[in-house]
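Use these hints to put chain U onto chain F, whose structure you have.
First to last, the sequence lines map onto chains F and U. So the first sequence is numbered by the numbering used here: it starts at 1 and just counts up by one. So the second sequence is numbered by the numbering used here: it starts at 1 and just counts up by one.
The hints are simulated quantities; they were obtained by calculation from the structure and are not laboratory data. Ideal Cβ positions, reconstructed from N, Cα and C, are used throughout, including at glycine. Take these hints with a grain of salt, some might be off.
Lysine-lysine pairs mimicking DSS-like chemistry, simulated, CA-CA at most 27 Å apart [said to hold, decoys possible]: (1) U/Lys-157 <-> F/Lys-265; (2) F/Lys-301 <-> F/Lys-117; (3) U/Lys-265 <-> F/Lys-270; (4) U/Lys-157 <-> F/Lys-269; (5) U/Lys-69 <-> U/Lys-91; (6) F/Lys-301 <-> F/Lys-91; (7) U/Lys-265 <-> F/Lys-265; (8) F/Lys-4 <-> F/Lys-91; (9) F/Lys-224 <-> U/Lys-224; (10) U/Lys-269 <-> F/Lys-157; (11) U/Lys-157 <-> F/Lys-224; (12) U/Lys-157 <-> F/Lys-270; (13) F/Lys-69 <-> F/Lys-38; (14) U/Lys-224 <-> F/Lys-157; (15) F/Lys-224 <-> F/Lys-265; (16) F/Lys-157 <-> F/Lys-265; (17) U/Lys-4 <-> U/Lys-301; (18) F/Lys-269 <-> F/Lys-224; (19) U/Lys-91 <-> U/Lys-117; (20) U/Lys-313 <-> U/Lys-301; (21) F/Lys-91 <-> F/Lys-117; (22) F/Lys-265 <-> U/Lys-270; (23) U/Lys-270 <-> F/Lys-157; (24) F/Lys-224 <-> F/Lys-157; (25) U/Lys-69 <-> U/Lys-38; (26) U/Lys-4 <-> U/Lys-117; (27) F/Lys-157 <-> U/Lys-265.
So, partial list: chain U residues that the calculated Cβ filter (under 10 Å) puts toward chain F [to be verified]: (28) Thr-152; (29) Tyr-162; (30) Asp-209; (31) Ala-218; (32) Phe-228; (33) His-229; (34) Ser-235; (35) Ala-239; (36) Ser-243; (37) Gly-248; (38) Asp-250; (39) Lys-265.
Protein chains: 2
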Amino acid sequence: MNKKYNLAVVGTNFIVPRFIDAAERSGYFHLHSIVSRKTQSGLCFRSANGYDSDVVIHENIADMLNDDKVDVVYLASPNAIHFPQAAACIKAGKHVIVEKPMTSNTRELLSLIALAKANNVLLMDAMKSLLCPNFSILVDNLSRVGRIRQCTSTYSKISSRYQGYLDGNNPNTFNRMLSNGSVMDLGVYCIHPFVHLFGSPEQVHAYADLLDSGVDAAGIVILKYPQFHVNITHSKTCATTNSSEIQGEDGTIVIDNISTLTSLKFVDKKGEETEISAPQDPNSIFYIAQHLGETISSGLKESAVNTHALSTKVLTVLDEVRRQTGVRFPADDR
Amino acid sequence: MNKKYNLAVVGTNFIVPRFIDAAERSGYFHLHSIVSRKTQSGLCFRSANGYDSDVVIHENIADMLNDDKVDVVYLASPNAIHFPQAAACIKAGKHVIVEKPMTSNTRELLSLIALAKANNVLLMDAMKSLLCPNFSILVDNLSRVGRIRQCTSTYSKISSRYQGYLDGNNPNTFNRMLSNGSVMDLGVYCIHPFVHLFGSPEQVHAYADLLDSGVDAAGIVILKYPQFHVNITHSKTCATTNSSEIQGEDGTIVIDNISTLTSLKFVDKKGEETEISAPQDPNSIFYIAQHLGETISSGLKESAVNTHALSTKVLTVLDEVRRQTGVRFPADDR
Chain F
1 MNKKYNLAVV
11 GTNFIVPRFI
21 DAAERSGYFH
31 LHSIVSRKTQ
41 SGLCFRSANG
51 YDSDVVIHEN
61 IADMLNDDKV
71 DVVYLASPNA
81 IHFPQAAACI
91 KAGKHVIVEK
101 PMTSNTRELL
111 SLIALAKANN
121 VLLMDAMKSL
131 LCPNFSILVD
141 NLSRVGRIRQ
151 CTSTYSKISS
161 RYQGYLDGNN
171 PNTFNRMLSN
181 GSVMDLGVYC
191 IHPFVHLFGS
201 PEQVHAYADL
211 LDSGVDAAGI
221 VILKYPQFHV
231 NITHSKTCAT
241 TNSSEIQGED
251 GTIVIDNIST
261 LTSLKFVDKK
271 GEETEISAPQ
281 DPNSIFYIAQ
291 HLGETISSGL
301 KESAVNTHAL
311 STKVLTVLDE
321 VRRQTGVRFP
331 ADDR
Chain U
1 MNKKYNLAVV
11 GTNFIVPRFI
21 DAAERSGYFH
31 LHSIVSRKTQ
41 SGLCFRSANG
51 YDSDVVIHEN
61 IADMLNDDKV
71 DVVYLASPNA
81 IHFPQAAACI
91 KAGKHVIVEK
101 PMTSNTRELL
111 SLIALAKANN
121 VLLMDAMKSL
131 LCPNFSILVD
141 NLSRVGRIRQ
151 CTSTYSKISS
161 RYQGYLDGNN
171 PNTFNRMLSN
181 GSVMDLGVYC
191 IHPFVHLFGS
201 PEQVHAYADL
211 LDSGVDAAGI
221 VILKYPQFHV
231 NITHSKTCAT
241 TNSSEIQGED
251 GTIVIDNIST
261 LTSLKFVDKK
271 GEETEISAPQ
281 DPNSIFYIAQ
291 HLGETISSGL
301 KESAVNTHAL
311 STKVLTVLDE
321 VRRQTGVRFP
331 ADDR
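For reference, chain F alone in the conformation it holds in the complex (with noise of 0.2 Å):
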């Protein structure tokens, strides 16, 4: 039986109770603490989740950061506040996992490096895709395409909270101030894959289009390597039926789902289609909280998967990606 790890969640959002059920499932955490910035939504999201009445609700960082039994934080916070709230962990010895992108930019994410070593603790990109199992067939499969001629991957998807944008509520999704838009949010899932399989690009090239708010409403991302090009098209304020491709001379990998990879087939060059994806949990995050699990259980302070250095190569692009295209967060300027 694993040692259970004590966990605190930072943040209510949706993600959260889905982070918490794939930590329980995988054996190696028990919700410990819940830090909401108002006590009384804390209590209605333990309550409304079915929590245990003895996690320990906490209004601040430094209060769960003071309890020496939280032994994990997983931080689900906006984007602008990864940095100084994995900052405090880190310094108060608790491991962390931060949600994608772990920073506002690659400036932040070295320091936490940095301060992560010093320290001896885990720092961890909560990034999901390559964990799932169908990322390794995928790999298994590359092959199969034969010569790759050209790659397509898509993420476009209407927020929940455009409506409320649109009715002038500011929402943190499309809020500057909070590091938000659609390539931190979405477009990071096309990015972050093709980096692992391909490394750091050539050249980047960005085209987006913005909302009055400073973030990009819809954008492309183009990552050139040697012999061929990633074509990536993000949006939060319109949506696409399309899957990610992976296209050779000899066929093409068809994902449908660049996050979470549900759906995998091989399509060669005849036309013919061949399923090659497994089943999956439907709850993808459990492949983070199983990996989390596992890491820390070893002594490790790094992700064999999702490292340092591939969380640097794409904070890196989406770096690049936003001085193309003019989104500049005050996180930039501190």
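This is chain U only, laid out in the frame that chain F set:
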């Protein structure tokens, strides 16, 4: 009953019998002569397709143009020779319909348009998409997507001649001398309807990976409009399963096959799909032939749909794409 126009066709590739079928079924045309560089090939083509034995075979355009009975010429020769051949037809007082792209570059096209005007004959672009009945349905449904936030379009298909290219046989379709390649052959299908719908883009950005022959194997074209981008991927060396899409804040129009608009659906923002396409003639060239017949019999010298202005705007985009991607044709230096 319409007057039947005597039709001469130049070329014997796979598209020509489809044009002849369309032309004859339209009721406007009668196949009169075939131009084929080798009489023997022309004879084989005539008998293989079951055309009447009184259809004349010519080894060169000049002989065919000397025949007063020919009213209209369909040019399906390699792109590089569209210009000299069309110019010869016009000078001989024949109406001429030219396969897409009409010429190697804008300079040639402008010269051809001026020549057609001076000679008072019809010059028409054989690009078929806008003339398919489903294109009108697309236009009628466009407002359903609300404010457009992003368009994507794709035409990627492995050419049946690509293995021959890899085997060193230098087929026409990958031959720089003939003004060929991916964007000229397939990408143009994605550019044409969007330039028709939204006008000349403010900016064009293009990327491509070239074959050793100097033409593009696969590429990306981005058309920038004031409030959104059209993201085009095209290839003749790999294939896609994706559709073209017009994505708006209220829903998405999904276009399956941008060249023929075989299937159109509207997906609302809740994900509800509605099929909106009508059945079309399986040979979509039928609509080109029908429109050509109507245009000639109305005494017009320019199509009201595939206008000279539209063809010029499209070739201007193609010129810019090739400038940015380094695909240069001998025709550009003449």
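Satisfaction of the U/Ser-243 interface hint, Cβ to chain F closer than 10 Å = holds, 6 Å
Mind checking the alpha carbons of U/Lys-157 and F/Lys-224 for me, to see if they're no more than 27 Å apart?
-> Holds, because 21 Å separates the two Cα atoms, which is no more than 27 Å.
Is F/Lys-157 close enough to F/Lys-265, meaning Cα to Cα at most 27 Å?
-> It holds: about 22 Å lies between the C-alpha atoms, which stays within 27 Å.
Hint check: 10 Å Cβ-Cβ cutoff, U/Tyr-162 to chain F = This hint holds: U/Tyr-162 lies near chain F, its Cβ roughly 7 Å from the closest one there, short of 10 Å.
Is U/Lys-157 within 27 Å of F/Lys-269, Cα to Cα?
-> Roughly 9 Å between the alpha carbons, so the hint for U/Lys-157 and F/Lys-269 holds.
When you check the alpha-carbon spacing of U/Lys-265 and F/Lys-270, does it fall within 27 Å?
-> Judged against 27 Å, a Cα distance of about 26 Å means the pair holds.
Between F/Lys-69 and F/Lys-38, is the straight-line Cα distance small enough, at 27 Å or below?
-> holds, 22 Å
Does the structure keep U/Lys-157 and F/Lys-265 at a Cα separation of 27 Å or less?
-> Satisfied, since the Cα-Cα distance of roughly 17 Å is no more than 27 Å.
For the pair supplied as a hint, U/Lys-4 and U/Lys-301, confirm whether the alpha-carbon distance does not exceed 27 Å.
-> holds, 17 Å
Has the given pair, F/Lys-224 with F/Lys-265, been kept, meaning a C-alpha gap of at most 27 Å?
-> Holds, because 25 Å separates the two Cα atoms, which is no more than 27 Å.
Given hint F/Lys-117 paired with F/Lys-91 - CA-CA distance at most 27 Å | Holds, at roughly 11 Å.
With a cut-off of 27 Å on the C-alpha distance, tell me whether U/Lys-265 and F/Lys-265 pass.
-> holds, 23 Å
When each numbered hint is compared with the structure, no violation occurs for any of them.
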